[in-house]
Structures are given as C-alpha cells and as structure tokens.
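Q: Numbering-wise, my numbering puts 727 at position 727 of the sequence shown, and it's gapless, one number per residue.
No wet-lab data here; the hints were simulated from the structure.
All of these numbers come straight from a predicted model, not from anything done at the bench.
Do not take every clue at face value.
Stated by the list, open to error - Here are the simulated lysine-lysine pairs, DSS-like style, with alpha carbons at most 30 Å apart:
1. Lys739 / Lys386
2. Lys386 / Lys845
3. Lys346 / Lys389
4. Lys833 / Lys346
5. Lys416 / Lys359
6. Lys416 / Lys116
7. Lys257 / Lys141
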Amino acid sequence: MEDWMRRLNLRVGPMALMAATVGAALALSSANQASALSDNVVRPHSGPAATSWTVQRGGPTAVVTLDRTDGSLDFSVRRNGRTVLEPAPVGVVTDQADLTSRLHLLRRTDRVVDEKYTTTVGKQLRRSVHMNESRFAFEGKDGARLDLVVRATDDGVAYHYVLPGKNGVTIEHEASAFQPPASSPAWLSTYAAPHEQPYDRTTAASAGSGEYGYPALFQVGDQNVVLAESDLDGRYSGSRLVHEQGTGRYEVVLADKEVHSDGPLTTPWRTAVIGDLATVTESTLIDDLAPPSRIRDTSWIRPGKVAWSWLAGFSEAQRSLETQQKFVDYAAAHGWQYALVDDGWKTTDWMPQLMDYAKQRGVKILLWMPWTDLDTSAERDTQLDKVKKWGAAGLKIDFMDSDTRERYQWYDEILKATAERELLVNFHGSTIPNGIQRTWPQVMSMEAVHGAEQGDVRADNIATLPFTRNVVGSMDFTPMGFQFGEHSTSDAAELALSVIFESGLQNFAGSIEEYRARPELARFLEQVPTVWDETKLLKGSEPGVSAGFARRSGARWFLGEMAAGAARTHRVPLDFLSGGKWRVDVVRDGSDGLVRESRLLTRHDTLEVAGVENGGFTAIACRAVPGRASCDEPVRHVPSGTLTVDPREASADPGTVVELDGSFTIDEFGPVADVTLGAKAPEGWSVEGPGATAAELATGQPLTADWRITVPEQADYGWTEIPVTVSYRDPAAGATGPKLSLQRQARVFVSPPGIDYVSDLPFSAESNGWGPVERDTSNGESAEGDGGPPRIGDRTYDKGLGTHAPSEVTVELGGTYDRFSSDVGIDEETPDKGSAVFEVIGDGKVLGTSEVMGPDDAAHAFDIDVTGVQQLTLRVTDGGDGNDSDHADWADARLHIAAGTARR
C-alpha cells in the first residue's frame with residue numbers, strides 16, 4: 001500500500017493524490033470486515049477544501065480534519081450536536097521532518113477496545129472499558145510517517161501520536177492544542193511543577209496569558225470538558241497548557257526542549273473527559289487509557305486510613321518516639337490501618353522500636369523520604385531494603401517537583417523497586433496521576449493539590465477539586481487538621497471530605513486532642529472506607545459552589561456534601577438507592593458541635609439536612625433491619641493509655657538520689673487486665689521501690705508508683721536513661737493473648753566536676769534569625785522545643801545551643817571561668833543547606849572566629865581562654881548565601897570554672 005502511494009505521488013497533482021488517497025483508505029477500511037465499525041466511525045466527510053473523519057462510541061464524537069490546501073490536521077469534538085472543543089492543530093515537529101503540514105492519509109485502521117480490570121484504589125474498583133479506536137496513518141514530506149491514534153468512549157476522547165520509524169527520532173515540538181469555545185467558563189490552576197496552585201474561575205478566553213496545569217475544566221453549555229493526559233512515563237516528557245489571553249486555544253508544551261527515542265515512539269494520550277458533571281466526576285478514563293497492571297499479585301496492597309502527625313507538631317513530632325506511639329495508639333484504638341512518620345525521623349534511632357510497638361497493636365508504619373534519598377540505584381537498594389527489614393509498609397516520597405522526562409524515568413525506577421519489595425507509595429511534591437495507579441497499583445495516592453498543608457484553602461476551592469484534580473486519580477488533600485491554619489469550612493463539611501475526596505490512603509491530619517473533642521467525627525471516621533465499589537455525584541453539585549458524592553462500599557452507601565457560601569438546606573434525592581427501606585445515619589453541624597441523627601427513608605425520598613455557612617454533612621445508608629439501631633459495623637478498639645514519669649529530666653551529682661514518680665492511665669476503651677508498672681535500674685545504678693500492679697484498670701483510673709534512683713559514685717558523665725515500663729492485657733484478645741507494653745524514659749544528667757554548660761545558664765540577651773534559641777536541642781521550626789538533639793555530621797551531642805543565623809546569645813560570666821569550649825557547625829536538621837560563621841566575643845572583643853561552615857563540614861572546635869571575662873557573647877552570621885536554613889549549633893558548649901572560684 002505504502003509503495004503504491006509513493007509511486008502515485010510522482011505522477012499526479014496534490015488534489016488528485018488526495019482524492020486517490022482517501023478512496024484507497026476507504027476501500028481498505030470497507031474490505032477489512034473484521035475491524036469495520038458503525039458508519040459514524042468509518043465514514044469521511046469531505047468539503048471543497050477539507051476531509052474529516054469521525055470516531056465515536058456512544059458519547060462525544062472526535063473529528064479529525066485534514067486541510068487539503070496545506071495538508072495540516074486539526075482535532076475537534078462534538079457532543080449532542082454541540083461543538084465542545086473547536087478545531088485545534090495536531091501534529092509534531094521532529095529533527096527529521098515537520099509533521100504538522102503537507103500530510104496525506106495512507107490508511108485508516110479501526111478496532112474495538114473492550115477490557116475489564118480491577119484496581120486497588122479509586123472511585124470504582126471493578127471497571128469495564130469500551131472504546132472505539134481509529135489509527136490514521138499519515139505521510140509527510142520525503143516519506144516521513146505520523147500515525148494519529150484516536151479513541152472515543154462514553155465519557156471522553158483521546159489521541160496520541162505514533163512515530164513508527166525504526167532508526168530513532170527526536171521530537172522538538174508538539175503542535176497539539178485544545179480549543180474550548182472562548183466564552184466557556186473555566187477553572188484553571190497556574191502551572192508549577194509540584195501542581196499545588198489553587199484553582200481560579202475565569203473563561204477560556206479571558207484567562208491570563210501564561211501556563212496552566214492539568215487537569216483543566218471548561219463548561220460548554222450543559223457539557224463539561226476536563227483536559228488531562230494519560231500513559232505518561234519515562235518514555236516521554238510531561239506537559240502543560242500554554243494560553244494567550246483573548247483566545248480559547250490552549251497549546252500543549254513539553255517540559256523538555258526535546259524528546260529522543262532510539263526506536264519507534266508513542267506519545268502520551270492527550271485526553272478530554274467530556275459529559276455532564278456526573279459523567280466527568282465518575283469517569284475512570286485516565287486509568288482506562290493506561291497500560292495494565294505490572295504487578296500480578298496485588299494481595300499485599302491494602303489501602304486505609306492513616307494517623308498523620310505532621311500538622312500536629314511538624315518536625316518535632318516526627319523526632320519524638322512518644323508522639324509517634326500516641327498516634328499509633330489512636331490508630332489502633334479507632335480501627336485505622338496506618339500511622340505515617342514524616343520529615344524528621346531520620347535523625348532518630350528508634351524506628352525499629354516503633355515498628356514493633358505498632359505491630360503489637362495491628363498498625364502498620366509508613367515513612368516519609370525525600371526523593372533525593374532514592375535517586376540512584378545504590379540508594380534505592382540501601383534505603384528500601386533497610387525500611388523493609390524494619391517492617392515499614394510503604395513510603396511517602398516527596399519533593400520531585402518536576403515533569404521532565406528524566407524525572408519520569410526516576411518514577412519508573414522507584415515504582416519498579418517498591419513493587420519488588422512490596423512497599424506502598426504515596427507521592428508528594430509530585431506530578432498528577434496520569435494512569436499510574438492502574439499500571440502500578442501500589443501507588444495509593446498523590447498530592448499535586450493545593451491541600452490542607454497550605455493552611456489557607458478557600459471553601460470555593462475545596463468545592464472545585466472534585467471536578468478538577470480528583471477526576472484524574474487519588475488526591476492526598478490531608479483533611480481533618482482542625483488545629484492548623486485557617487479553616488474555611490464547618491466541622492461537618494471537613495468530615496464530609498473523607499467521602500468527597502478519593503484517596504487510597506486518607507492521611508487524616510488532626511491532633512489527637514481535636515479528634516477526641518469531636519466524638520461524632522471520630523465515630524464516622526472509624527466507619528468510612530478509603531476505596532469504593534461505586535460512585536455517584538449528588539444532584540445539585542456545582543464547581544466552586546458545592547460538591548457531594550454517594551459512594552458505595554459493599555452494602556453500605558456513604559454520603560458527603562459540602563457547600564461554599566451562605567447557610568443552606570442540603571437536599572439529596574436518594575434515587576441511587578435500591579428498593580425497600582433504608583436507615584440513614586446523618587452527621588451534621590449543630591449549635592454545640594456535631595450532631596448525629598438517624599432516619600428511615602426510601603429511594604423515593606429526598607434527604608434534607610440543615611446546614612450552616614460553608615457547611616455540609618455526612619451520612620451512612622444501610623438496609624433497615626429490625627433491631628439495628630445504626631449503620632455502624634464492628635470496629636476493633638485496642639485500649640490506649642498514657643504513661644508519665646516525673647521528672648522527665650533531672651541533673652544529679654555522683655552518689656546522690658533522684659526521686660521518680662510514674663503514673664499510667666487508660667485513655668480509651670478500657671478496662672485492661674494484668675497491669676504491671678515498674679522501673680529498671682541501668683547497670684551500676686540502683687532503684688528502690690516495688691512498682692505497682694492491678695488485676696484490672698478501668699478507663700480514666702490511674703495506677704501510680706514511686707522510686708528512689710541512686711546515682712553511682714563512679715557514674716559516667718552525660719545523660720543516663722531510667723526506663724519505666726507498663727504492661728497490660730487487652731481483654732478482647734483473651735486470657736492467652738499477648739500483653740501490650742509501653743515505656744517512657746526518665747533522663748538523669750551527670751555533669752563533670754568544674755563544668756557549667758552554657759545551655760544551663762540564664763541569658764542576659766538573645767536574638768535569633770528563626771524561632772527561639774534552643775537549649776540542648778537544635779533550632780527546628782519556629783516554635784520552642786521543636787528541634788532534635790544537636791547533631792553535627794555523624795555525632796549527636798547531649799548538650800548545646802541551637803541557633804539560626806543571624807543570632808547572638810549573651811551570658812554573664814563575672815570572671816568565674818577560665819575556658820570556653822564548643823564544637824560548632826551546621827546542624828543535620830537540614831543536611832544539604834545552610835552556611836554560617838561562628839564568633840566568640842568576650843567583653844566586646846572577638847576571641848575566636850570559624851571559617852564559613854557548610855552542611856558537609858566537620859565540626860569546628862573552639863577552646864578559648866576567657867580568664868577575667870565578665871560577659872560572653874556567642875554570635876552566628878550568615879555564610880554569604882542568604883539566611884536560609886542556617887541551623888547553627890554550639891554543641892557541647894562548656895564553661896570551665898577557674899580554680900578557687902565557686903560555681904555561679
């Protein structure tokens with residue numbers, strides 16, 4: 001066929017050639033009975049200057065048009081007699097040919113795509129795919145080839161290019177564009193690589209000139225168009241939409257200047273999800289276009305609810321074993337499957353201990369990592385093998401911040417490596433889902449959203465996300481962080497996000513105190529799943545105004561709706577239910593917190609719920625059964641408690657005694673049995689006191705004990721830990737069930753004789769470039785006490801000052817000391833950032849100065865004579881690269897008491 005066409009090109013003019021080309025292609029299509037489809041798929045439409053072909057499968061109609069005057073192609077879409085995407089160019093420019101013009105058709109091949117597949121996450125776990133596909137083979141100048149593959153289905157259309165050459169090709173530019181009608185309302189997000197910008201309402205033409213990210217939503221009459229891409233991996237580059245104000249055209253622009261392939265090249269699908277709002281939000285088209293799963297056995301992949309402590313304490317909470325144990329306790333007590341430890345844990349040494357603690361309670365641990373810890377094969381092997389050995393269930397991987405081909409090639413590698421080790425993945429600082437969750441089903445969610453971490457999400461933006469970002473795949477919005485930021489929604493509306501937003505891992509961001517202050521919220525979160533058998537958009541939902549969904553899990557329906565703006569009555573027709581009576585348990589905003597109500601209704605009823613400003617509601621619908629008072633299903637509640645020791649820290653001299661008290665209380669879901677509370681002496685130390693026991697301990701009932709701890713005469717200097725442990729049995733586990741245990745540490749510091757630590761002295765003056773000056777911890781975030789132990793290089797110090805440039809700390813010496821010593825450097829708080837210069841100043845005179853210290857530099861040791869000095873100032877200045885992450889430690893900062901002088 002191709003040879004015949006080339007010979008024909010030598011003997012006839014362009015118009016005759018085009019007519020012959022189209023005729024030959026039609027003859028081939030008609031002759032191929034096995035692939036012939038209905039007339040509306042295979043019939044071309046010819047005019048005086050153009051020939052058009054259509055592709056359809058019950059929904060929108062894709063139209064491919066060849067301009068016979070210049071051989072250019074464009075792509076448009078109609079639905080229900082309306083043009084929803086106006087003609088816009090298609091084609092590519094390579095290093096070998098311009099395949100945007102002077103094209104003619106060689107042939108058209110049609111086929112039906114019918115598939116069934118099951119996902120591990122999403123709005124619908126079992127899926128059926130029914131598409132019609134047409135492949136248009138075009139030839140350009142000098143025989144250059146371009147195949148345009150078009151698919152159409154009930155809920156949208158898509159196209160991609162195939163460059164079939166065997167000798168390699170470099171794409172320099174795509175001509176691809178989409179053009180909704182200029183006046184179409186639009187919801188667009190300004191492009192930035194992490195995809196975390198909010199959505200703004202505008203129109204297709206009036207949107208400012210610039211770059212916009214996927215997905216982009218346009219309303220055309222009663223139809224909606226969501227632009228996105230699918231089947232994007234390391235073979236190609238990510239893209240964005242570029243717009244010039246005043247037009248409706250949005251051009252596809254690649255993140256890379258060019259994309260090279262050593263052989264044939266297939267580009268990602270340029271995709272438009274099209275239909276009414278229900279069709280668009282319930283669509284799985286982005287996944288349907290993606291390659292099948294590369295993991296045969298997915299039985300180890302378990303979505304679930306996550307106790308996430310970041311917004312309840314930031315880095316400090318991640319460095320605290322006690323805090324993480326409390327979040328594990330809460331997860332276990334409320335039937336949540338996971339706890340996530342975020343940025344900060346890498347400076348600790350207790351992670352295996354936390355894994356064991358969580359395993360005792362039936363909770364799995366997820367760990368945060370920056371992608372730079374995993375960007376080489378050797379790093380992936382080391383880090384992934386380590387966390388797998390510990391028992392981690394998966395990773396939250398952060399800060400990729402790029403849509404380049406190189407970064408997508410990294411995605412390919414990390415997805416393969418985590419699948420091999422059976423580790424779940426949640427990407428933050430990432431691209432958007434592009435069908436990745438079908439191909440790699442261990443991907444539970446992705447951020448790529450202006451989410452709750454921003455602390456300022458508007459209610460109208462929340463009501464936009466279900467029609468934009470969440471259309472294309474799981475979205476980790478991290479709701480429920482009541483203690484953080486500015487909340488534009490009511491408590492019931494926030495709770496509704498557990499249903500409205502789809503995410504295989506729902507990282508709930510609340511503090512334990514906030515959950516306990518909202519018992520109806522806690523109860524609903526125990527019941528709500530994170531994956532769904534069926535999804536229905538609730539009637540009346542509108543982008544930027546309100547969003548409501550009914551999602552089915554097994555035999556129960558979960559409803560969630562929120563509305564931006566003035567108070568309203570939420571009215572939900574229940575026609576998605578099947579026949580018979582249903583119990584509907586509603587949680588709504590009341591005058592004094594959340595209120596639960598239960599009603600008996602049928603599918604012919606409309607559920608009405610009184611709402612508040614920026615409010616909403618949630619509900620569970622289940623079959624009405626005599627004797628059943630609610631739709632709740634059983635949840636295993638593992639008892640959780642609090643163990644305290646007093647004092648937590650103390651200083652003591654050798655041979656002295658420290659008195660220690662311990663107390664244990666069950667916080668939730670008692671009683672517990674066989675309780676034992678005791679303290680253990682380190683080697684060489686002694687403990688007096690019997691501890692305490694109880695056959696049973698009810699919720700809220702304390703068990704207390706006290707001990708006398710004797711410091712040995714030859715005690716090691718520095719911190720010594722005194723472990724206090726409580727063990728108990730959960731009666732629900734039976735008399736032979738394993739005991740649960742909880743341990744806290746009392747720390748006693750034994751100081752060398754003749755030494756005062758600067759961190760133990762009062763400051764006569766202090767200033768700091770970020771947050772407070774910290775005593776015996778590094779400078780972390782802006783709050784007091786939120787740093788870790790001082791750490792320079794591989795060494796962790798017991799004592800010291802944590803500062804941030806520019807900083808000054810002044811102490812009064814009064815001539816008491818003769819030497820000052822300290823190791824100084826950039827703390828491992830930010831292991832790849834920061835620079836600083838350290839100065840020691842006595843009575844206004846500089847006594848010592850360091851070189852510029854960077855994050856990779858070993859500690860600089862000061863040992864300075866301060867004999868007679870009355871006032872000592874420790875100063876830190878920026879190293880010349882600006883005050884950014886200049887976390888500077890005065891580690892082990894000591895003052896040596898002069899002979900014959902009394903300690904101050």
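Q: So, for every hint listed, does it hold in this structure?
A: Going through the hints against the structure:
Restraint check for Lys739 and Lys386: satisfied, since their Cα atoms lie roughly 28 Å apart, inside the 30 Å limit. Using a Cα cut-off of 30 Å, the hinted pair Lys386 and Lys845 is violated, with the two alpha carbons roughly 50 Å apart. Of the pairs offered as hints, the one joining Lys346 and Lys389 holds, with about 16 Å between alpha carbons and a cut-off of 30 Å not exceeded. Using a Cα cut-off of 30 Å, the hinted pair Lys833 and Lys346 holds, with the two alpha carbons roughly 16 Å apart.
Using a Cα cut-off of 30 Å, the hinted pair Lys416 and Lys359 holds, with the two alpha carbons roughly 26 Å apart. At most 30 Å may separate the alpha-carbon atoms for a hinted pair to count; Lys416 and Lys116 meet this at roughly 24 Å. A distance of roughly 23 Å separates the Cα atoms of Lys257 and Lys141; the hinted pair therefore holds under the 30 Å criterion.
In summary, the one numbered hint that this structure violates is 2.
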